[in-house]
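S.K.: Going down the list, the sequences are from chains A, B, C and D. Quick note on the numbering used here: the first sequence kicks off at 1 and runs consecutively. Quick note on the numbering used here: the second sequence kicks off at 1 and runs consecutively. Quick note on the numbering used here: the third sequence kicks off at 1 and runs consecutively. Quick note on the numbering used here: the fourth sequence kicks off at 1 and runs consecutively.
Hints may be right or wrong, so weigh each one.
It does not matter which identical chain is meant; a pair holds if it fits inside one copy or across any two.
Below, in silico cross-link-like pairs of lysine to aspartate or glutamate (DMTMM-like), each with a Cα-Cα straight-line distance of 25 Å or less [unchecked claim]:
id, residue 1, residue 2
1, Lys274, Asp207
2, Lys48, Glu17
3, Lys325, Glu229
4, Lys325, Asp234
5, Lys48, Asp16
6, Lys48, Glu28
7, Lys182, Glu28
8, Lys274, Glu347
9, Lys325, Asp238
10, Lys274, Glu292
11, Lys325, Glu296
12, Lys182, Glu66
13, Lys325, Glu292
14, Lys48, Glu292
What the hints contain is simulated information worked out from the structure, not anything from laboratory work.
Protein chains: 4
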Amino acid sequence: MNAPHPHLAARQRLYDEMSPLNLTPLWEVLHSLVPPQPATPCVPALWKYDEVRPFLMRAGEAITAEEAVRRVLILENPALRGQSAVTQSLYAGLQLILPGEVAPSHRHTQSALRFIVEGSGAYTAVDGERATMHPGDFIITPSWTWHDHGNDADVPVVWLDGLDIPIIRFFDAGFAQNDVSKSQQVTRAEGTSMARYGHNMAPVRHDAPFGATSPIFSYPYERSREALERLERDAPVDDWDGVKLRYLNPLTGGSPMPTMATFMQRLPAGFSGKPWRQTDGAVYSVVEGEGEVVIERQGVATRFAFAPRDHFVVPSWHTARFSSKQGCVLFSYSDRPVHQALGIHQEERLS
Amino acid sequence: MNAPHPHLAARQRLYDEMSPLNLTPLWEVLHSLVPPQPATPCVPALWKYDEVRPFLMRAGEAITAEEAVRRVLILENPALRGQSAVTQSLYAGLQLILPGEVAPSHRHTQSALRFIVEGSGAYTAVDGERATMHPGDFIITPSWTWHDHGNDADVPVVWLDGLDIPIIRFFDAGFAQNDVSKSQQVTRAEGTSMARYGHNMAPVRHDAPFGATSPIFSYPYERSREALERLERDAPVDDWDGVKLRYLNPLTGGSPMPTMATFMQRLPAGFSGKPWRQTDGAVYSVVEGEGEVVIERQGVATRFAFAPRDHFVVPSWHTARFSSKQGCVLFSYSDRPVHQALGIHQEERLS
Amino acid sequence: MNAPHPHLAARQRLYDEMSPLNLTPLWEVLHSLVPPQPATPCVPALWKYDEVRPFLMRAGEAITAEEAVRRVLILENPALRGQSAVTQSLYAGLQLILPGEVAPSHRHTQSALRFIVEGSGAYTAVDGERATMHPGDFIITPSWTWHDHGNDADVPVVWLDGLDIPIIRFFDAGFAQNDVSKSQQVTRAEGTSMARYGHNMAPVRHDAPFGATSPIFSYPYERSREALERLERDAPVDDWDGVKLRYLNPLTGGSPMPTMATFMQRLPAGFSGKPWRQTDGAVYSVVEGEGEVVIERQGVATRFAFAPRDHFVVPSWHTARFSSKQGCVLFSYSDRPVHQALGIHQEERLS
Amino acid sequence: MNAPHPHLAARQRLYDEMSPLNLTPLWEVLHSLVPPQPATPCVPALWKYDEVRPFLMRAGEAITAEEAVRRVLILENPALRGQSAVTQSLYAGLQLILPGEVAPSHRHTQSALRFIVEGSGAYTAVDGERATMHPGDFIITPSWTWHDHGNDADVPVVWLDGLDIPIIRFFDAGFAQNDVSKSQQVTRAEGTSMARYGHNMAPVRHDAPFGATSPIFSYPYERSREALERLERDAPVDDWDGVKLRYLNPLTGGSPMPTMATFMQRLPAGFSGKPWRQTDGAVYSVVEGEGEVVIERQGVATRFAFAPRDHFVVPSWHTARFSSKQGCVLFSYSDRPVHQALGIHQEERLS
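Looking at chain A on its own, in the form it has when it is part of the complex (with noise of 0.2 Å):
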């Protein structure tokens, strides 16, 4: 073996005897910081909800709601394991709250998302009123407001959970509180806010109860398919998308949260889309109907056939194509405000 060429060796030795100062040469990781484009280390993954609903009932065996806080089970991205992250930004878990349970009251930082996947009758309770839940409502817990959640009904509810755990923490801004008292008080009548917010129009004198988060913190899943239904009956379709909405902040028109957009989509029954990709992974929940999906990048595709109360991601810059024989609703979240905010977002739709 020859030895190497004698500036390699006076280069390592600088980099040996910089090193201790916490000195590093950025040539020789120059490329893989700035890369040609982005090179994600998260991969495509999907949960079959007949594959992890035995895990959350027994989970409901093993430990309950009030001892675990919340009782959720993460979806970890098979390449970021032991990081509780779905992709590198976003946080999912399937959370299980059984008849006559409580999760007790908190607030921190993190802003999370709930969208009910099976069960009706639970409730999450936000800053003093309640929010029933049935399956596809779509419910926000703005970042430091208390909350709690309980099922008053007689059937396990099970919810996603969304949130921007891996934002803060890579941020290192992260403050958290416990509430004195396991469930909160109850200040205002159920559907308060809804009439306040939720019909085009606003108090007054109320505005931004809960800073830049919108101010309806239910959006329940009966008028979100009202307006797709009619959309695909009287509307074009997009060939990449289906019909899309964004579920927005009517105080602002911008993103429910100021770190997740939310949306829901309608697959029309034999929509085969064309692909498209977008710096923002997101996270989908399956509402109703089934389908596929061809997750591309680099030459290897993953296709996922889905149906409902599967959840998949596709991470950043992955190609994603959407078929579906029989139509079908998905629900999904993803980081893209804080990519708009720091005016990184990209996306392209091919051809």
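Based on these hints, arrange chains B, C and D on the given structure of chain A.
M.R.: The following block gives chains B, C and D in isolation, referenced to the frame of chain A:
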């Protein structure tokens, strides 16, 4: 009679001599140019619907909608006769369209609101989509969009027109065009705009079709009323306003039009409100119920008892106080967004 | 003479009978209310400084600054005599302050700009800080801030006052107060505001002392001129505007005041500009050099030759075309930010 | 040794069995995911320039600027070795360019700031315009703009590079391209951008050439220093910050780049500051003078004495306290704009 003081005479000579150069002394008018508080020339006024309606019907006989282009009786402020203005900055009129008639398609810089007063089944078409009218609905014609009206029903339909005509005239910024055809072509099913933007969601890719104006151009009374009733039951009632909501542009959270804000409020039965005043003069349309308003300025009070379909105006910086024995619903509009954009909005709640 | 057509007579009866109810028919005035394009009543006008100055000096003898409060000759648009307006929405005047005089402290809702025309060494005090005046400086009095003027120098000082008086009057939103003392107390060294906000930096904790108005209240000519000269030399000259910069509020990037934009432009020697028009009427003050402007509307052209310290007005939607043999510098202001906030700004560059 | 409690064993079995499905229990990690307050892994660190400089010069011998593309020694946080990060979200490095060298043209999504540490006469070219470097100047390379560096002087030039590399990597949104030519073509005279945007004015028609990034890409030290000195003399000195200004984007009033804020502050002679903490970790470059900072967290204090050209980092939510006997000037940067855009910025001033 004595001669004027010599220096007054000198001043007058100065004024006279410089007048041909279009010069005039500020100090003679400073106080009126910069008054200690708003000194609007407008006065409070009431239009009782049972007095106005016969004239509307006679107008229906005197001229066709098509010949008139818009068959409207302008509500002129008694202190601004001849200016087609209900306040210095706002226009109000009552428009009648008879069964089978059409008010031909045109467009203009001026923004318009329509608030339906009597009759169902007429329509406004805006940018290719029709909105069927029902009493209490609030409909927008965004600036510079083609619009026409028609009545396919078998009853006369009357609505309040609120426009920013004086504002556009004051700023010398008005453009207008007549359409080549009497009625514009319908290109979208009725309800498409509401489905796209009215459910606290928005299309991922069709933002802001009307610029700064709300993409929802019809806000049905059914939904506004439901919100008011809910809040009257479940939330605290404001001592000045009762339950008062502002209509919003869901893409911005701001007013539906850049020049005009719109409001709907419910005074509960037995409401006896506290007095308030604001710089934006407001026009009211009584939707349901009866009540009274006392409007006061510099010790002179005017008392209006109002009933459904009556209209009245509360001028700038006049103190107003509402009361209602049986409860009532009021629609109103003002130029508040302009005051806010210019940083000159003031309001005062008195006790 | 024949009788009028019976239905015209019927209409007239209708008009007459409903008039006491403050009702009037739209169709008789629709065309003038909604004109095909802006039809301002304003006309172009020029005030030659050598004609105006003698009257200013006579005003200096006829009344003291203190008695006058503000010793100003208003530049009235010839078509708007008696309205204290140079366009429908703007006020312009030339203010004189003699050595030793003080114009006492007051404040008002109206925003004011001062553009120094003749003489150095007078001052404006705003919110506790003085700004010494030099020809070409642009100074702001933000809405509702205490301000007074004085002349500690030994020469008369004259400046252009530009205010939004007609706007505040139109919207009925003006408030005013006189200070208890003639001159406000100085609480900050001159130049503090410029040091805080004028170097493309801002204090971490003193944002927006004047709300939507620029925290820099004096923009010295020295710096504006330097920028113009640099750009004239190094960057392409615009065929319509020469080199034209807008003053900005460094905390927003918008206009220095919510109601008025200000501009300074340099026409290079030999400039012969192309024609343009815009909805915002503009008032010009000639800083240096000579030139001419041709202003045209509906086939009627007006030609103004201008020299330093002259003032002229280009009304809304009049076509204007500049030229200058020797080169010149022009300051101007208009109500463009209002047009932009209301979504009604239009401009056209002709070739 | 005892067997674990049966239900713990059952839980472990559950964890083991669901792990292949990429499921993991939240309740085992909840506390660390949602900490009571920020628990950054970063530690305070100091790089003394007299220790670092010899390695920089050796790097100058070991590799050419062209071969290195960028000859930079990365300042790595001691607790984040191998991650090319000075805080979790920020990158810092010291770049050397020797007389006659060129660092070739490329562009990338990442935003960069350059703060000149040693030597005059090198340049950065951005979008066709060069900026000559002097110590204390702050220069920007906006996201996705072509840029190259060169040294036409006869002394080595060293600057601090601050980039958002970890942020772009975390959000998987980085793109990069190399230019076809080594140095981009110069298309504008040096100083054109400053003339256009740096005098509290802006071109009427060239707004926002770099989107959300400041159109001024060079902020000379001469002007920043003048502002600081003026304020130290004439305005109150803050007990925590001394005199501290933030650089701003004159078209928005916000930070110069969407991802990074920059600051310059002067601690007067004898300054002994009060302690503060904030969620955004910050990197400091000492411009002039000497001083010390005490950085503390959970009872552990680190004391750094600093001199000109030293660099140090204050991590998130560490308490910091400055003092300076002779007075000093500090430049710093952080990711505060991201914290603010996401609604997660917190700061605390202690006494």
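S.K.: Work down the list of hints and note, for each, if the structure agrees.
M.R.: Evaluation of the provided hints:
no.	hint	verdict
1	Lys274 to Asp207	between (41 Å within a copy, 22 Å between copies)
2	Lys48 to Glu17	between (52 Å within a copy, 15 Å between copies)
3	Lys325 to Glu229	within (17 Å within a copy, 44 Å between copies)
4	Lys325 to Asp234	within (20 Å within a copy, 46 Å between copies)
5	Lys48 to Asp16	between (49 Å within a copy, 18 Å between copies)
6	Lys48 to Glu28	between (42 Å within a copy, 23 Å between copies)
7	Lys182 to Glu28	between (54 Å within a copy, 20 Å between copies)
8	Lys274 to Glu347	within (14 Å within a copy, 41 Å between copies)
9	Lys325 to Asp238	within (16 Å within a copy, 53 Å between copies)
10	Lys274 to Glu292	within (13 Å within a copy, 60 Å between copies)
11	Lys325 to Glu296	within (21 Å within a copy, 61 Å between copies)
12	Lys182 to Glu66	within (9 Å within a copy, 63 Å between copies)
13	Lys325 to Glu292	within (9 Å within a copy, 61 Å between copies)
14	Lys48 to Glu292	within (13 Å within a copy, 57 Å between copies)
In summary, the structure agrees with every hint in the numbered list given earlier.
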